Structures are given as structure tokens and as C-alpha cells.
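> Using the sequences provided together with the hints, build the complete structure.
Here are the chains, one letter per residue:
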Amino acid sequence: MHKIIRARSGLARLNLEELWEFRELIYFLAWRDVLVRYKQTAIGVLWAVFRPFLTIVVFSVVFGRFAHVPTGTLPYPVLSLAGLLAWQLFSTAFAESSSSVVSNPQLVSKIYFPRMIMPLSAVVASLVDFFVALAMLAVLMIWYRVPLSPSIVWLPLFIFLCLLIALGTGIWFAALYVRYRDIRHLIPFIVQLGLYISPVGFPSSMVPERWRFVYSLNPMVGVIDGFRWSLFGGRNPIYVPGLTISIVLSIAALIGGAYYFRNTERLFADII
Amino acid sequence: MSNLLISAQSLGKKYKLGELVLALSLRDRVTDAVRSIGKKKRAPAEFWALRDVSFDLHDGEVIGVIGRNGAGKSTLLKIISRITEPTEGAAHLYGRVSSLLEVGVGFHPELSGRENVFLNGAILSMSRVEIRRKFDEIVAFAEVEQFIDTPVKRYSSGMYVRLAFAVAAHLEPDVLIVDEVLAVGDIAFQRKCLGKMEDIRRTGRAVLVVSHNMSLISQLCENVLWLDGGKVVRSGPTREVIAAYMAQGVGGSAEWIPDAPLGDTFEYHRVWIDGGSGDAGTVAADRAFDIVYDFTVKKPMHPGRLALLIASAEGTPIFTSTSTDRLSAIREPWKLGRQRVRCTIPGHLLVPGRYFVTISEQVDMVEVLRERIFAFTVTEQNSLTTRDARLGIIAPLLEWRAEECS
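Going down the list, the sequences are from chains R and A.
Under this note's numbering, the residue at position 250 of the first sequence is numbered 250, and the numbers go up by one with no gaps.
Start counting at 1 in the second sequence, then tack on 1000, and there's your number in this note's numbering.
Each statement offered as a hint is correct.
Simulated DEER-style distance windows between Cβ atoms: (1) K1298(A) <-> V36(R): 17 to 23 Å; (2) L1004(A) <-> R8(R): 21 to 27 Å; (3) T41(R) <-> T1322(A): 39 to 45 Å; (4) V1341(A) <-> Y196(R): 55 to 61 Å; (5) R1338(A) <-> K39(R): 25 to 31 Å; (6) H1058(A) <-> N15(R): 25 to 31 Å; (7) T1203(A) <-> K39(R): 36 to 42 Å.
Simulated from the structure, these hints should not be mistaken for laboratory data.
Everything numeric in this text was worked out from a predicted model, so none of it was measured.
Think of the CB as a built atom: it goes at the ideal place given N, C-alpha and C, for glycine as much as any other residue.
This is the structure in C-alpha cells:
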């Protein structure tokens, strides 16, 4: 084993091999995040159910009852919960990975490991809450007798796409956050606003056809549509150009973000 | 036959002072940019934290790095640990390097001892299998068996440090990099840690250790690197370098500021001499002066105790004093928050010469010793020169009275 330490010049390599070497650390940091999240809480991981549940109740009253959002043949709570699950997976993964580096200054300034581990493990940790909340959707679907579509086999793909978007944006924010603490104010803003501009409380078919493409520039539109399609089948057809944009944007964000992260991470220890 | 493990060639690290100022918000950037329109771009002030440092480390070798605060020791370790990049020069690492710049990195207060062992082990690049295999040994080393499933936030600071060091002590790197971590823990535990470092050397691995503790350095190292102002002042056999270092004194300024926060119950900001004279490092022999402790107590704790040892330049202890010597002062719990404690040393006590200050604090029943944190000079009193060169290690001003014989 021979390593050379010197000042880097030019564009940094992604060095995915090293990331693989440290893969256990991704697991351990994610494990820590999950453990810590529910330590000394009375109802523990049930919070992962409570939060979406209460949101759905409010949504059902406001959008379902008062605004009469059309949901086709689906009961409103089921439709909105499917959207909310996708959105919460994104928002948790995005917010946690964005602040992952800044919230662990000791790790950055006292020990070496590939820094990319931090946003990665934050994204992994967000999956736990998601799966717990997914169980609630199953219960709700049984309650309303909504049949499961065979297209559910595609759900993992959309979960993956959702994580990809979260990681792609989170990695950018994580690197920017170290240098610009403005990001702290931006994160909750994006999470809050995104909930309303994404088709969480309503189906994206409500968006007028000529605006559909522009609307799909929000990559979460493709993910949420994909969630609904894979769970409930043909009643919620996928808008293919929108999904394509989603995929392209997320991959572009991830690659760009990874390079940006790698190129700024050598300053992390000096400026954190 | 010894193999080269680390070869560092003229390492340098430059900071732009602007980068050290952390308040880098976007708004600052924008306002800076606006202000600088039409002005010539001012080059930011530069500062070399380390310059032209070279050394080789072979297996079975322990190298000590000494120097006063701000000499670049920690920067050097950070570069070798790959935490920060050098600005110039290169270091070649042949083997697995583990660094221990602080004990308990990544420890989470809410997690139990057991969980933290696994987490910390993983952060120090141990594999899960490796941690599981060594788990019992780690817990036994730390002597925290009964509390292993208790959250570490309920540990005493001694237990916390022992557990944290135990994890690190069970790493099996080719090179271990240690930064002043032995400054914590009680004497028995420190001895245990020293033994562990000896083991590392005996098994043909190497250690690079930073410490202010000269007796530890001379016990442990055969070679020493003395840094000052980021440059190597001298390197070579321990005895020679330490002698030279001591001859020059601990450092110019009679104050001590810890390199890093020292824990979450008790933290020093500064310890210094308040001698009333302009030059902080010198006090007049006939004047009283104070040793001032400036610190913050962060958690409620058992009554603590501060202590002071003044030793001569040759290392002879002159006296010891503690904050609980007077009965009236004993066993009051420390109040929370930042505070100062002064110990006044009377005039007419020390003979002119150079002295070293060692302090200790007892926090939560654990005594932590900080040896030779700074030196000061007691200057002669010009008016009473005859008193200055007399024999003895103290020079008290005593009462002489004439009595009539009847």
C-alpha cells in the first residue's frame, strides 16, 4: 500500500474505489442517525407514522373536503399519502444530506475518510422512516379496499430515483453549506415550498396539458407520478417526457454534485 | 531491517487569513465584490502554518513532535492524517495510517457505550468483524463493563475518555498518529496507554506523537522533531533535542491556551501570569504575582479543585498549592459558566531564575495534570543585589528583631 499526499491540482477524481473501501462506515453512520433520532422519545419510530398521518388528515380536510380535488376513483387519503411518502422520502434525505457535513464538524476536522460518506449515509438513514411509513400506506389501502397493482414491482425503481434526486441535490448543498452558511436558511424553505409545488396534495393530471412539460421540470413530479402509477396502476398514467426529464436531471445533478463535492472537500477541514 | 513507513518531503501549508475568518456568508461575498469594484484587488494576507518540514518514519520507531502552541504540530499531523492537504511538498505513506487527533471522535452522547464502540471503531476504519472480535478486550481495557449499555452522556468524564481511548488503542495500524491525547485520564490509565504505545513499537509498527509532556516524550521516543513557527528548529535524538528545547524555555509568552476544546464538562480558555509588569513573562522578585485560571464549567459537577506546581528550570519542585488548601474553600460545588480563579504568589519568595508552571484540575473526581504549560522568569531586584545570588531555593523576606538582654 502506497499513498502520496500532495496538493491536488486540476479536477479531482471521484475515487469510487475508496468509497467502496469505506462502505461499512456508510452503514454505521446511517445506523447512528436512525438510533439517535428516536433515543429518549416516548413513542420512538412511531413518529415516522405520526407525521405523515397528521399531514394526511389536514390535507384530506383542506384539499379533499373543502377544495374538492378530483382523485378519479381513488379515495383522497390514499392518493395523497402515496404522494406524501415520496415527498417525505425526498425531503428527509435532501435535508439530512445537505447538513450532513456541517453537523459533524468533529468528524471533518479530526479524522480522515471520504467525505462523500456523510451525505450518502444520511440518504440511507432516511430510508428507515420511509419503510415504516410505507406500512401505513398498506394499512390505508386495505382499509379503503384499494387493490394493489402488479406494477408495484417498479416501485423500487422510483424509490431509487427519488434517492438519486435527493443525493444529487443534497451533495451540492452539503458542499456549499460548508462554505456558505446561507444554506441553513435555504433548506427548510425548499422543503416547505416544494411540498406545495409538487403534486403531493393533488394528482398532476390537474395541471393543464400545455403546462405539463414545464411543470415536469421539477424532478419530483416524475417520482410522485411514478409512485402512484406503480402502486395503483393505469388509473394514474405516467407522463413519459416528464419522467425522462426527471431521470436526466437527477443524473446530471448527481454527477455535477459529486465532482463539485470532491473538488471542494479538501477545503472542508480548513473552513468548517 | 527497518522499512520506511512515512517519508515527508518539505511539507508546507499556507492559509490565507481571509479563509480563516469563518463568517463566509454569501452576502459577505457579494458586498466584498461590490466594494472591490474599481479598487485593485488586495492580496489576502498569507500565513504559513507549516513550511519545509521533512522527516522519515521507519517501523519500530516512535517520533515525538514538540514545540509550543501554534508551532504547526497539529497542522503536520492533520496533513499526515490526510485531513487537510499540504500546499507544497509531499508525503509518502507506506502502510495503514490511523490517526487519533482527539479521543472519542464521533462518540454520540445519546448512544450507549456498546453502540459507541462500534460507531467509533468504524470511524477509525475498523471493520465490523474486527470490532466484534475485540469488543470484550476493549471494554475490559476501559473498565466500564457494568455501564456498557448506559448512554455515554451519563458517563463520568473519566469513563468516557477511557472508553474512547480503549477503542483507539485496539486499532492495528502500521502507523499510529497521536495528538496529545494522553493529557487526559488519571495516572493509572495514562500508564496503561503508554504500555499500549510501547506494544505498537515492539510489534514493529510506528508512532508519531505530539505532546507537551517532555517526560512522556523522552520515555517513548528515540527521535524528536522540534517545530517552531511552522519550521523544524531541530530534529534528532530525543535527549539532545529536548535539552535544547528546555534550554530555550517552554515558550516566550507566559500563558497557556489549549489547542483544542478539552471536553464537555470543563474547558480552559487561558491560564496566565498576571505580574503587574509590562513584560508578561517576567516578575520582579519582590513583587507578588498571580496565576490566573480562566475557564468555563459546562455541567454541574462534584466540587472541583485546581492545583499549581512551581518547579525550577532543573525540574526541582519548589512548591505545590491547591484551591482547596484552606478549609473554608473546601467542597463548594463549582458554579456553572465562565469564571476566573487567581492564585496569588507572594513576593520575596522565589529566588531569581526561570520557573516552570504545571497545573492540574480535578473535575468529576478525575485529576488531569498539564505539565510545564509555560515558564516565567523571576528577575533580580536591582536595589538588593546581594540577595540575588544567595544559596537556597527560596528567598523569603523574614523578620529580624533585636532584643534587649536584661
